[in-house]
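**Student:** If you read the sequences in order, they're chains A and B.
Using my numbering, read the first sequence as starting at 1 and increasing by one per residue.
Using my numbering, read the second sequence as starting at 1 and increasing by one per residue.
What the hints contain is simulated information worked out from the structure, not anything from laboratory work.
Heads up, the beta-carbon is just placed ideally off N, CA and C, and yes, glycines get one too.
Treat the hints with care, as some may be off.
Claimed, not checked - Derived Cβ-Cβ restraints for the label pairs, each shown as a range:
no., chain 1, residue 1, chain 2, residue 2, range
1, A, 353, B, 124, 45 to 51 Å
2, A, 282, B, 19, 37 to 43 Å
3, A, 294, B, 5, 53 to 59 Å
Claimed, not checked - 20 Å max Cα-Cα, derived SDA-like pairs, lysine to any residue:
no., chain 1, residue 1, chain 2, residue 2
4, A, 200, B, 56
5, B, 96, A, 13
6, A, 200, A, 303
7, B, 78, A, 218
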Amino acid sequence: MFLLRKEFRQIRRDKFMVRAIIGVPLLQMLILVPAVTFEMKHIDLAVTDYDRSPASRELVSRLTGSSFFRVCATPENYNQADDLLLAGDADMVLIIPDDCSKGLAGAVNPPRLQVMVDAVNATTAQLGWSYFASIVRDYNRDVIMSTGAAPSSIPGISVSPRFWYNPTLNYKYYMLPGILVILITAIGLMMCGLNLVREKEIGTSEQINVTPVKKWELITSKVIPFFIIGLLDLSLGLTIGWIVFNIPFEGSLLLFFACSAIFLVAVLGLALFLSTLASTMQQFLYVAFFFVMIFILMSGIFTPTESMPLWAQQFNWVNPVAYLMRINRMVMLKGSGFNDIARDMGMLAVLAFTFITIAIIAYRKRA
Amino acid sequence: MEREKVIEVKDLVKKFGSFVANDHLTFDVYKGEIFGFLGANGAGKTTAIRILCGLSRPTSGKVLVAGFDANHPEEIKKRIGYMSQRFSLYNDLTVKDNIELYGGIYGMTMKEIRPRTERLLAKLSFNQYGDTLIGSLPPGIKQKLAFAVAVFHDPEIVFLDEPTSGVDPITRRQFWEMIYETASRGITVFVTTHYMDEAEYCDRVTIMNEGMIVALDTPSALREKYNASSIEELFLKIARQKTETA
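Please work from the sequences and hints to get the whole structure.
**Tutor:** Structure follows, in structure tokens:
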């Protein structure tokens with residue numbers, strides 16, 4: 001297979017390419033996995049305490065006692081606190097009214113705290129608020145208990161959560177399988193497609209088209225190298241996850257690689273198809289980038305697909321990234337076996353077959 | 001004596017939308033001859049050569065190349081060599097890599113390719129370039145290599161689309177020596193050019209203008225017929241006639 005040998009020679013001779021093949025997964029894993037996290041720490045809290053009582057100090061110390069909050073300022077009054085929020089110096093503002101301790105003692109109406117949250121970033125705001133609320137709830141319960149009311153008089157359902165499959169709610173565990181998917185999506189879609197369009201641009205594809213070479217030979221010679229690079233980079237990324245981040249791998253490696261291989265065929269098929277439509281690298285990049293972005297953002301890497309609108313969930317029927325995202329997380333974190341992911345794997349195979357078929361039909365040995 | 005025809009074209013028409021690039025072309029090319037296609041840029045030379053090579057399909061008309069019609073482009077492709085006006089060897093591969101690649105694509109084995117490569121490089125006195133990346137070679141050498149690669153697998157016909165555009169006069173001269181040598185091996189050479197002097201080197205010349213064939217004969221017969229001292233003068237005469245009648 002002379003064409004295949006040529007592809008490998010070209011990749012091997014391209015020093016930049018060789019470095020990129022090794023460097024990109026390294027950097028991507030080392031930067032993205034620890035950086036992309038939903039965990040909130042050190043929320044800047046501004047506290048205006050009109051009460052200045054032991055009770056109010058106790059509340060504040062409970063907040064700062066958790067690793068989630070730190071008091072960044074203690075403005076004198078409401079207006080100053082408001083300015084801090086506006087300037088972005090504080091993420092949250094807590095106003096403790098002057099009748100707080102009296103209220104707690106039962107003298108007047110129950111105390112009412114005021115909280116203002118900077119909700120420019122909705123995720124931060126929501127998380128910050130829920131941390132806050134749960135700390136205040138605990139505080140409340142303790143106060144009620146300390147006043148001597150019998151615990152039984154305030155019946156409530158006690159929930160003690162156990163976070164299965166990721167017991168410490170480590171976001172790295174959640175993100176890593178997803179980052180691996182992004183890695184091989186980029187290789188499959190961008191590198192392979194650009195390679196083909198580049199040959200069109202410099203005119204070598206015309207020279208190849210005038211030879212009696214078979215269409216399937218051409219296509220396999222373009223697909224196989226990037227298929228192999230994709231799997232290599234996947235192993236590299238996985239090794240980094242294992243060594244650097246200590247990610248557990250519960251499931252079957254074989255299953256994991258089998259699914260990734262099917263996925264690669266799907267994205268390579270798509271890359272081939274897009275490359276038949278584009279005649280310049282610029283055109284290809286623009287369209288391919290669009291697909292990569294849509295596929296990844298809709299795949300459920302950041303936000304669960306279940307909470308997306310129905311049409312978005314339906315789109316994910318043809319989104320190979322969404323399938324692999326789910327499969328990888330299940331296999332890596334849950335140790336899911338073949339039976340658990342058979343449906344997703346099957347759909348991925350259908351997509352792979354469809355994309356590659358479309359690509360073969362669309363590919364013309366003509367200019 | 002009836003000479004063997006390797007290309008037969010009858011009433012070939014190629015339209016792009018309403019634009020007629022090739023307007024009822026009819027000509028035959030005989031085995032072993034150097035057949036020139038002469039015309040200004042945009043006269044339809046490249047369109048015609050691409051159809052003959054199976055890269056493009058005719059809108060209508062009959063095209064037979066090496067015994068196969070244009071509906072079987074893959075059969076045609078096995079029997080021809082092609083060199084386009086754009087340089088199209090792989091710059092990021094060595095000279096030997098490129099030869100090996102194209103030899104292999106045309107079904108040659110490594111056993112056949114290796115000794116042949118050595119002989120070819122020796123003949124061109126390019127021995128020292130065997131393991132050099134094509135991209136680092138000067139344009140003249142690249143161009144000669146592209147031609148050598150196009151005929152490496154001994155095709156029946158080789159199509160050269162403006163092979164000498166942008167090449168210095170000495171290289172052009174050497175290039176034509178290579179063309180003669182190829183024709184002497186029995187390979188038919190179909191060459192397009194817009195250099196009038198090159199037309200003199202051909203066995204027969206076709207002059208194209210605005211998608212039509214306006215003249216076809218040997219250079220000397222054409223000169224006589226139009227009473228011109230050179231093909232260049234002849235070409236200008238024809239072009240003038242055209243504009244007068246238009």
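**Student:** Among all the numbered hints in the text so far, which are the ones the structure does not match?
**Tutor:** The structure conflicts with hints 2 and 6, although it agrees with all the remaining ones.
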